[in-house]
Amino acid sequence: MRGTLVLDSEALSRLSRRHRSMTTWLDAARTLDLLLVTGAATLVAARDPKAPQAAYDHAVSLTKVRPVTEEVARDASRLPAAEGLHGHKYAIDAVLAATAHLERGRVTVVTGDTDGLRRLCHPRIAVLPV
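Converting from the sequence shown to this note's numbering requires adding 93 to each position, the first position being numbered 1.
For the record, the hints were derived by calculation from the structure and aren't laboratory data. Please note: incorrect hints may appear among the correct ones.
Said to hold, decoys possible - Across the chosen pairs, the derived CB separations fall in these ranges:
no.	residue 1	residue 2	range
1	Ala184	Thr124	30 to 36 Å
2	Thr124	Glu176	18 to 24 Å
3	His151	Gly180	31 to 37 Å
4	Thr124	His179	37 to 43 Å
5	Ala147	Thr117	19 to 25 Å
6	Arg111	Pro222	17 to 23 Å
7	Ala166	Arg199	33 to 39 Å
Because the structure is a prediction, the values reported are computed rather than measured. From the three backbone atoms N, C-alpha and C, an ideal C-beta is built for every residue, glycine too.
Based on the sequences and whatever the hints tell you, model everything.
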């Protein structure tokens with residue numbers, strides 16, 4: 094693999110609905126030999142009841158789902174605090190950012206909330222819109 098593409102809940106949800114923006118990202122990931130990753134907690138936020146379960150399951154199957162370990166949770170708890178942020182609004186994004194921090198090489202987070210994730214991610218991680 095030449096790098097990692099980390100999907101937030103909006104990106105994963107759009108992938109499950111075969112939204113053009115995400116099929117473009119998927120094509121790029123295949124062309125560039127990028128690993129698709131998401132966090133286990135992201136699965137909960139990404140589930141769109143309007144999309145068929147089979148479509149959601151297929152989208153998830155395209156990714157490597159990283160677990161929310163104690164290490165990830167502890168790292169995630171520090172990220173909003175370092176930015177003066179607090180509350181459940183940042184919880185899943187912080188877990189995703191901590192997950193992205195563990196990936197090696199070139200890492201890009203694809204998100205519906207670039208401002209929030211840019212604040213939570215290390216500068217070495219690119220944060221791009223869905």
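Cross-check of the supplied hints:
no.	hint	result
1	Ala184 <-> Thr124: 30 to 36 Å	holds (33 Å)
2	Thr124 <-> Glu176: 18 to 24 Å	violated (34 Å)
3	His151 <-> Gly180: 31 to 37 Å	holds (33 Å)
4	Thr124 <-> His179: 37 to 43 Å	holds (40 Å)
5	Ala147 <-> Thr117: 19 to 25 Å	holds (22 Å)
6	Arg111 <-> Pro222: 17 to 23 Å	holds (18 Å)
7	Ala166 <-> Arg199: 33 to 39 Å	violated (25 Å)
The structure is inconsistent with the numbered hints 2, 7, although it conforms to all the rest.
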